[in-house]
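Chemist: So the chains spell out like this:
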Amino acid sequence: MKGISKVLYSLLVAFMVATLASSALAQGSEPPIPPATVNGNYVLDQLDWLTTEQEAEINAIVSELDTHNMAQIAVVTQNDCGADSQTYRNTFFRTWGIGHKEKNDGLLILVCWYDGDTSRRKLEQEVGYGLEGMIPDTMTARVAQQYFVAAFKTGKEAAQVVADHDAGAALVRMVKAYDGIIRGDTPVELQKTEGDGSSALSLLLIILVILVVLIVLIAWLSDGSGYSGGYSSGGSSSSGSSSPSSSSSWGGGSSGGGGSSSNF
Amino acid sequence: MDTSARNWTIGIVIAVLLFSLVGINNGIVGKANEARNQWANVQSSYQRRTDLVKQSMPAVIGGSNQELAVFKELTNQAAALAGSFRRDEFGQPIVPQGADAEKVQGQIAAFDKAFINAMSYMADNPDITSTQLYADFMVQVEGSENRINIARRDYNAAVTNYRNSVQMFPGSFVAGFGGHTANQFPYFQAQEGADQAPSVDFPTPAQ
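In the order they appear, the protein sequences are chains A and B.
Numbering of the first sequence is given in the working numbering, commencing with residue 1 and proceeding in unit increments.
Numbering of the second sequence is given in the working numbering, commencing with residue 1 and proceeding in unit increments.
Be aware that one or more of the hints could be misleading.
Per the computed footprint, the stretches of chain B lying under chain A, defined by three or more beta-carbons under 8 Å from a beta-carbon of chain A, are [claimed, not checked]:
no.	region
1	114 to 121
2	126 to 135
3	138 to 147
DSS-like cross-link-like pairs, simulated, lysine-lysine; straight-line CA separation at most 27 Å [unchecked claim]:
no.	chain 1	residue 1	chain 2	residue 2
4	B	Lys54	B	Lys72
5	B	Lys113	A	Lys6
6	B	Lys103	A	Lys6
7	B	Lys54	B	Lys113
8	B	Lys54	A	Lys6
9	A	Lys176	A	Lys156
10	A	Lys176	A	Lys153
11	B	Lys113	B	Lys72
12	A	Lys156	A	Lys6
For the record, the hints were derived by calculation from the structure and aren't laboratory data.
Positions of the beta carbon are idealized from the N, C-alpha and C atoms, including for glycine.
The shape of chain B in the complex, shown without the other chains:
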């Protein structure tokens, strides 16, 4: 092969390589954005539960119960959680990383606990449970819990997808250049001690 043909061949091969690298990088970026998108869903599903606490719960528990410690604690935790979900200057939710992630997930766990305590109190209080408001409220609570569960699963799936694309070849080759790290997005994980059931008295369902 003469020099110019060889140079053309090399040039084309390099061009093809570069384009594929760009393509691979774009794939990784897409998956990173998907993980952020799913995190936004997680945030909004928790938002739904804090909204339930702020808006629907007061009517259900009635005026006199709102001063009780268990409900004040819940409202505080809800506000703290809403505060710990941060957004960037464009309003996009920021996926917390590293130490921040531990803090946020700890906050979530604290909110979960306060919520269970409040729900337990309500379930034992016949004045509250006998209302239609409570029945509707329980449907909404179940719905919001289901959404939280699914949002977390979707987020974890998106993180796995992202990690796969970054850690497997050929993504691993490109990832460093684009600044993509495998641990950029933390998984939603169990908190220490969360695998022990909260110390709440579970009423046995009456038949």
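If we strip away everything but chain A, and leave its shape as in the complex, we get:
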């Protein structure tokens, strides 16, 4: 515990010294933000951590939240998040416009891998203004600790955890936990981690995915009124007439820096 607190503390002090010394952080070393995902895809898995099923699971859950106007969750795995992953995640969040514009109910889960470097790799989470009440910073840290960091503390090598798609499964569990919190189902402490070996469960999930895809298709065909699509850069509010061929999955929400940053 002391080791972790010292690391946290050093991070904090370094952070504050940077704030004291200069109000404008150097922009030069930040990697470019990848283009936003489109067409009801909420996952950008650049590190190939997720199997197709895991990705579909996440998309199904978030799609439900999105169409019911409850939240938008982005799951992104990336290798390089620049020199300051905390600032980067905020830029990322705002560039994509995660969350419905009127409610700012976005959540970004960003894995910053840095080639697996233990001193740099982070799970960054950014929460939109509208979701901060339901998901305060400490809760994001707990969810990260309980479902994600724990997956890397089983004694397996990190590379193995990734290769076995355990890391991917951990991301799915995190999304499910947030789904529960947002719907007000069960408190985080009582969330049960689903076993991913049961074939009956996978069948259920496949049926769920098909159902959701059907619902989405129907909504899309009836003039896309189910989506709050459209890229927004501070302009007018989103309308329902986005072109169906390739509309951004994101609603143009914003964030002020809430969330947390977890070592793993």
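Using the hints provided, position chain B relative to the given structure of chain A.
Modeler: Showing chain B alone in chain A's frame:
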């Protein structure tokens, strides 16, 4: 062109010019208000940190530590900072200007310093760091620091936006009439001596 047609043309041209001037002025006003809006965000992000100090920190450090100089100093600085953020009669935050701005930013720097000292004390105290309360507290502190950082960046960006609209043509033409000056909103800048790291012993992280 006969006289009346010429007069109409002149009249229309003048009307168009006036409307565009109004439009330009409105653009500047919008950007000035955006800068004020962002300043309000800066204030509220510092508010968040003072709230952490007043509410969460006492439980984390425990009763006996609250009397220590380092924590009393922090509480004083927090109160002083809260006092120096002024609002007008409608409750809107006033962006401090000129000498006032230096004072407020100096106050902020003093608060930053007191905060680092207090955090440093806490990090070295195993009775404090071993609690779950402390772990949660550190998450909140990081969150509040991040918000402060982003609020300051947003404010500076809004100020730049405003200055551009006032200094570039055609805004520069209109600005004087509306009473908009380029230096109306000061940037958040480093304090003198702030580029030297505060003299705190940084513990090396244990592996």
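Chemist: Is the listed coverage of the region 126 to 135 of chain B by chain A valid when you require three or more residues with a beta carbon under 8 Å from a beta carbon of that chain?
Modeler: holds (count 5)
Chemist: Would you mind confirming whether the straight-line C-alpha gap from A:Lys176 to A:Lys153 stays at or under 27 Å?
Modeler: Given pair A:Lys176, A:Lys153 holds - Cα atoms ~20 Å apart, limit 27 Å.
Chemist: With a cut-off of 27 Å on the C-alpha distance, tell me whether B:Lys54 and A:Lys6 pass.
Modeler: holds, 23 Å
Chemist: For the pair we were handed, B:Lys103 and A:Lys6, check the Cα-Cα distance against 27 Å.
Modeler: Status violated; Cα separation ~33 Å.
Chemist: If you draw a straight line from the CA of A:Lys176 to the CA of A:Lys156, is it 27 Å or shorter?
Modeler: holds, 24 Å
Chemist: Are the Cα atoms of B:Lys54 and B:Lys113 separated by 27 Å or less?
Modeler: holds, 17 Å
Chemist: A:Lys156 and A:Lys6: Cα distance at most 27 Å?
Modeler: holds, 25 Å
Chemist: Taking a Cβ-Cβ distance under 8 Å as contact, does the region 138 to 147 of chain B have three or more residues in contact with chain A?
Modeler: holds (count 9)
Chemist: Within a Cα-Cα threshold of 27 Å, do B:Lys113 and B:Lys72 meet the stated pairing?
Modeler: holds, 13 Å
Chemist: Verify the coverage statement for the region 114 to 121 of chain B against chain A, using a C-beta to C-beta distance below 8 Å and requiring 3 or more qualifying residues.
Modeler: With 4 residues in contact (Cβ-Cβ under 8 Å with chain A), the coverage given for the region 114 to 121 of chain B holds.
Chemist: Straight-line Cα separation of B:Lys54 and B:Lys72 no greater than 27 Å?
Modeler: holds, 11 Å
Chemist: Is the hinted pair B:Lys113 and A:Lys6 satisfied, with a Cα-Cα distance of at most 27 Å?
Modeler: holds, 19 Å
Of the numbered hints listed earlier, the single one contradicted by the structure is hint 6.
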